[in-house]
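Same order as they appear, the protein sequences are chains A and B.
Under the numbering used here, the residue at position 87 of the first sequence is numbered 87, and the numbers go up by one with no gaps.
Under the numbering used here, the residue at position 94 of the second sequence is numbered 94, and the numbers go up by one with no gaps.
Some hints here could point you the wrong way.
To be verified - Capping the alpha-carbon separation at 30 Å, the derived lysine-lysine pairs in DSSO-like fashion look like this:
1) B:K36 <-> A:K41
2) A:K41 <-> B:K103
3) B:K103 <-> A:K64
Stated by the list, open to error - With the C-beta cut set under 7 Å, the calculated list includes, among others, these residues of chain B facing chain A:
4) Y31
5) A41
6) G42
7) L43
8) Y97
9) A98
10) F101
11) K103
12) G104
Hints in this document: simulated from the structure, not taken from any laboratory.
The model shown is predicted, which means the values in this text are computed figures rather than measured ones.
A virtual CB, placed ideally from N, CA and C, is assigned to each residue, including glycine.
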Amino acid sequence: GAVVSQHPSWVICKSGTSVKIECRSLDFQATTMFWYRQFPKQSLMLMATSNEGSKATYEQGVEKDKFLINHASLTLSTLTVTSAHPEDSSFYICSARVSGSPYEQYFGPGTRLTVT
Amino acid sequence: GEDVEQSLFLSVREGDSSVINCTYTDSSSTYLYWYKQEPGAGLQLLTYIFSNMDMKQDQRLTVLLNKKDKHLSLRIADTQTGDSAIYFCAEIPNSGYALNFGKGTSLLVTP
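Next comes chain A alone, as it looks inside the complex (with noise of 0.2 Å):
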């Protein structure tokens, strides 16, 4: 149990075109997913926390007019990189926090991203 999955696994796209990144609890409701992204050989940096029919609290520095979030149930939170740029390029990871489980968190097994 508790399997979270990402879709694609890997994307490659042009600059300037927009990306699109599944994240799904399979087995369980998540009410609170989370966002991270991990450069090469570095730690996991939060993103932004998404909740379930409502918007997404970002961390400071990352812009939500270009990382759109929606968590439209409790089993789906969607990350679009809008008009992506080559620095965008990177591994993104979601987690789920089990509904009514406040310290259960399960990774998803990332998104590599590259933009060219």
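Chain A is already provided as a structure; the job is to place chain B on it using the hints.
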């Protein structure tokens, strides 16, 4: 947020024990976690410990918590080559539910 500190690199021989250390920041952190990340993959939850515990053992893994010094360690017994990965220590600070990660310790297990 403040930094969770970990040593960056550890090398051990197959069959030996590995000890990865971590110093966390928030004394009110309720849960502390150890995650494993293999190359190109996401994070796998290895174990977690509640802050009112001193020790937790799970098969080859032993977690020790010194709350006074805000020090957490992960001991892997009989380390195998498949244990080679990056290990992240994480805390949930009092400010919310997002995890605050250390920079990760790269464990290399040699035959």
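Hint check results:
1. Note on B:K36 and A:K41: the hinted pairing holds, with a Cα-Cα distance of about 14 Å set against a maximum of 30 Å.
2. For the hint linking A:K41 to B:K103, the alpha-carbon distance of about 8 Å falls within 30 Å, and the restraint holds.
3. Only pairs whose Cα atoms come within 30 Å are accepted, and B:K103 paired with A:K64 is accepted, the gap being roughly 25 Å.
4. Taken as an interface hint, B:Y31 checks out: its beta carbon lies about 4 Å from the nearest beta carbon of chain A, inside 7 Å.
5. Among the interface hints, the one on B:A41 holds; its C-beta lies about 6 Å from the nearest C-beta in chain A, closer than the 7 Å criterion.
6. Interface hint at B:G42: satisfied, since its Cβ lies 4 Å from the closest Cβ of chain A, which is below the 7 Å cut-off.
7. Taken as an interface hint, B:L43 checks out: its beta carbon lies about 4 Å from the nearest beta carbon of chain A, inside 7 Å.
8. Look at B:Y97: its Cβ gets to within about 6 Å of chain A, closer than 7 Å, so that hint holds up.
9. Hint on B:A98 holds. Least Cβ distance to chain A is approximately 5 Å, under the 7 Å limit.
10. At its closest, the beta carbon of B:F101 sits 5 Å from a beta carbon of chain A; the interface hint therefore holds under the 7 Å criterion.
11. Interface restraint check for B:K103: the shortest CB-CB distance to chain A comes to about 5 Å, inside 7 Å, so the restraint holds.
12. A hinted interface residue such as B:G104 counts as satisfied when its beta carbon comes closer than 7 Å to some beta carbon of chain A; here the least separation is about 6 Å, so the hint holds.
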